[in-house]
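A.B. asks: For reference, the chains in residue letters:
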Amino acid sequence: MTETLINKRNVKKIILIPKVIIVLTLGFGIKLFFSCTPQDPIEINYNNISVIGIDNSDMYLDYYNTTDTIYSDAVALKLTLSDTSIFYASLFYQNLIQTFSFQTLKADQIDPSYIPKNKVVDIRVKTILDINDSIKAGDDISESILYASIDNFDLYHNLCQGILWLNGIQSYYERSTIILVLKTSVKNTNARFEVKVTLDNGIELIGTTEIFTIIES
Amino acid sequence: MRLTLLTIFYLISCGLFGQSSILKNQEFSFSIGIGELDIEKFSPNENLDFINYVDYYPEYTDFIILKLGYKFDLFSKMSADIKLIMMDDIIPDNYDISLHYFVRPRLGIGIGSILNKNWITYFEEYQIQTLPDYYLVDYNVQQFTTYDLGFYLSPALKPIDNDIFKLQITCDFGISSFMTEEATFYHKKKLSNERLQYHYKTKTDYQPYIQPKIDIRLKAFKIKETSFGILLNSNYYFSNRSINYIRTIQAWTSENRINEQIEPSKHNYSRFEFNMGIFLRW
Chain A
1 MTETLINKRN VKKIILIPKV IIVLTLGFGI KLFFSCTPQD PIEINYNNIS
51 VIGIDNSDMY LDYYNTTDTI YSDAVALKLT LSDTSIFYAS LFYQNLIQTF
101 SFQTLKADQI DPSYIPKNKV VDIRVKTILD INDSIKAGDD ISESILYASI
151 DNFDLYHNLC QGILWLNGIQ SYYERSTIIL VLKTSVKNTN ARFEVKVTLD
201 NGIELIGTTE IFTIIES
Chain B
1 MRLTLLTIFY LISCGLFGQS SILKNQEFSF SIGIGELDIE KFSPNENLDF
51 INYVDYYPEY TDFIILKLGY KFDLFSKMSA DIKLIMMDDI IPDNYDISLH
101 YFVRPRLGIG IGSILNKNWI TYFEEYQIQT LPDYYLVDYN VQQFTTYDLG
151 FYLSPALKPI DNDIFKLQIT CDFGISSFMT EEATFYHKKK LSNERLQYHY
201 KTKTDYQPYI QPKIDIRLKA FKIKETSFGI LLNSNYYFSN RSINYIRTIQ
251 AWTSENRINE QIEPSKHNYS RFEFNMGIFL RW
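Chains as they are written, first to last, in our numbering: chain A, 1 to 217; chain B, 1 to 282.
In isolation and in its complexed conformation, chain B is listed as follows (with noise of 0.2 Å):
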């Protein structure tokens, strides 16, 4: 992911510095916004389900998100879009980026991969749940930043695109999974000497996602080459997801040991992203 980030850095350096006869139509955006997560949560049961311990808080927002972006033409008929985004740890840790091919000018097909950070918080508390006869040993709190990487293939359509008012509606058909995160409990039966290891080890699982949106941009003035102007763009992600893993039980030693593959029932689980700022155009 390191490297993926420092390639978006040194591609954004070579088209703000570079004299690049390539790039056209350059464009750096800042826009500020909010995130709403929507997860449907089941009772839990005999297996662990990690998409019930996603934070999420109904009544509130869930996520402040804070978007640069750097676009840009190339050749005559591609257009690429990068977006660095941080939420409120201002970590540039998520992006979007698309490469679109216009086959008319107002009617494009494109390729892109996202990646989006989520929390998985509190989780121990089905272990102490689900075995109330033992004790668990490490009582911290329990925490995933689980990135979930897509990658899509987006149609995109421009009804609008002059000097002044753009629109462009883009649909992006892919598959995302969560990355692989493990954890280990170490519970230790009351009155007595039992011992038990549970260990999760999450899997790398794609599935499919769907995920709308909506681009507009007013330019508000020009001063030489360089345009100023408003944006607005919103998303809205719809998949359904589950968080498939390899479930390690040891009882006593490690000799003892039960493996077991669980895939737990799919949860809806959307994002509706809302965000609106500033870009200069030359």
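In isolation and in its complexed conformation, chain A is listed as follows (with noise of 0.2 Å):
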């Protein structure tokens, strides 16, 4: 009587064991299908503008730091367009993802990206002290500003390329950087600029840089 139970609770974990494989090759596939699942980029908004002097006098673009004395014919800006706002709900299905996701398995560490969902439809450069005697305080100088790409093997590009830039994917950062750099010499002791970027949904975010001292290129 009793090795007749014994036989009968061993036919039922044997008939017990291809469910449990079933359960586990489901919850591994889901994983898996998850885990090979790429990362869109993350939505920003652009909610705050940066405007700051750079120096460009030297072989290669001082990208990385800033000054407030530039030289007469080497005037280059470094404008930042960010989203300040927290984005946990973007983040939100991201984690999610990875909650379902074998972190293991990535070959590498991919670093999320970003892209604006409201995008830049134009960018406009002020002067708000004299520049020299045709170019006044007030006037726009948008078609003397040119976009500098942070390839040092590359010529200027204008406004439209730096545009296309800061609407596209960006990598590592809720933030978009180009780098504007004017044609004209400054013929004043000071200069100061003010950036104006019209977004698509009609938001106008505008910087203005300190009051740069200009030296004698």
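Certain hints may be false.
The calculated lysine to any residue pairs, modelled on SDA-like cross-linking and capped at a C-alpha distance of 25 Å, are [as the list claims (entries may be wrong)]:
{"#": "1", "chain 1": "B", "residue 1": "K190", "chain 2": "A", "residue 2": "T66"}
{"#": "2", "chain 1": "B", "residue 1": "K190", "chain 2": "A", "residue 2": "E216"}
{"#": "3", "chain 1": "B", "residue 1": "K189", "chain 2": "A", "residue 2": "M59"}
{"#": "4", "chain 1": "B", "residue 1": "K222", "chain 2": "B", "residue 2": "N162"}
{"#": "5", "chain 1": "B", "residue 1": "K189", "chain 2": "A", "residue 2": "Y64"}
{"#": "6", "chain 1": "B", "residue 1": "K189", "chain 2": "A", "residue 2": "F153"}
{"#": "7", "chain 1": "B", "residue 1": "K189", "chain 2": "A", "residue 2": "V51"}
{"#": "8", "chain 1": "B", "residue 1": "K203", "chain 2": "B", "residue 2": "S113"}
With the Cβ distance kept under 7 Å, some of the chain B side facing chain A (calculated, not the full set) [claimed, not checked]:
{"#": "9", "residue": "Y135"}
{"#": "10", "residue": "V137"}
{"#": "11", "residue": "Y139"}
{"#": "12", "residue": "K188"}
{"#": "13", "residue": "L191"}
{"#": "14", "residue": "R195"}
{"#": "15", "residue": "Q197"}
{"#": "16", "residue": "T253"}
{"#": "17", "residue": "S254"}
By construction, these hints were calculated from the structure, which means they are not laboratory data.
Note that beta-carbon positions come from the ideal geometry of N, C-alpha and C, so glycine has one too.
Assemble the dimeric complex from its two separately framed chains, guided by the hints.
C.D. replies: Given below as structure tokens:
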């Protein structure tokens, strides 16, 4: 009698094994599926503008340092648009995906990428102080502004290229930066600029530089 | 060029290992020698002159030459000569191929093709010297490995042609051109935003040359049907050469583009070669 009961239990255990394997396989499959799902860029909203001066008098653009003293022929501005709002909601979906995936399956740690939800449609630059006899305070100098890519083995481009860069997918950070250079020589001892960025939802972001001291090139 | 070399290897292979009834008096040779360049150089002017930067050293031997030759007679009056030429990099990427038709036993006319390698180096110095107010953004040494491709018509004379001693004198009249090369320089003006880009693209431009050659073969001994001997050959290439090019200057942006056709002055350009080696004929 006892022997029969033991046999029955063993039979039940044996019947359960395939079910357990199926459940584990399903779970494994789901995690594997999400592990292989590429992360979509996280949407950001540009809500902040920063315009600072950088030194472009040397061979290479001094991209990472700020300056308040600029050579008259080497005026360069670093324009940064960023999303300062907390974007936990945007990250929630990414975190959820990560929960359901095998982190160790990734060959490399993929940093998140970001894409602006509202695109830049226009960039206008205005001088707040006189530049020379023909360009006075308050004048729009956008025509004299060029976009410089970070690549030093490249020429400058018009502002449309800069807008394309700002509207593209941004790696690593929830912000985008471009360099603007002035073609005209500044004949004043000081200079100050205002940059207005218009987004496709009508929002205008306006950034003003500090007052730069100009030294003759 | 790879196709040409493959064709040459194929012909040699067919000749060496094939049982061809068309090819007669086949001969394989190996020789080693020296090459000396002599190039007229001009002072830098408003245009970059690439010939000024061709590598050559007046005090030293410019290059060591190794030649692998394969020669054979075709039908009764034709003779083909294929030479693969290597310099000290041991890359067989130079050649001299000719085919002669002997209208008389000692007088013939032929056609041929040559390919010679040249190095043009340090021409970024021109940019640095002529634009002192600008940085050269890339200071790396610039070098072209440019090939000089030529085609020629070649009268040939065999004053002595017997089983022991053979002397052949030819004089190639041809045209040759350096193959196209491109170089780009980026400049940044000191204390200024201004950026410049200079782009050079050389043009194929065939220019005449003359190249007398002398070839001597002396049979040393014979084993069965195969003869062994020594050979001496020498040639002197002379031409008035220039490397013409298109220069594109762009300032600030790529929209501001100035294209110019530049034809620098012609330089006296000569190359003397002397080789000696061994051959086996069957």
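A.B. asks: Hint by hint, note whether the structure agrees.
C.D. replies: Hint check results:
no., hint, result
1, K190(B) x T66(A), "holds (19 Å)"
2, K190(B) x E216(A), "holds (12 Å)"
3, K189(B) x M59(A), "holds (8 Å)"
4, K222(B) x N162(B), "holds (15 Å)"
5, K189(B) x Y64(A), "holds (20 Å)"
6, K189(B) x F153(A), "holds (13 Å)"
7, K189(B) x V51(A), "holds (24 Å)"
8, K203(B) x S113(B), "holds (20 Å)"
9, Y135, "holds (4 Å)"
10, V137, "holds (6 Å)"
11, Y139, "violated (9 Å)"
12, K188, "holds (5 Å)"
13, L191, "holds (4 Å)"
14, R195, "holds (5 Å)"
15, Q197, "holds (6 Å)"
16, T253, "holds (5 Å)"
17, S254, "holds (5 Å)"
Checked against the numbered hints given earlier, this structure breaks only hint 11.
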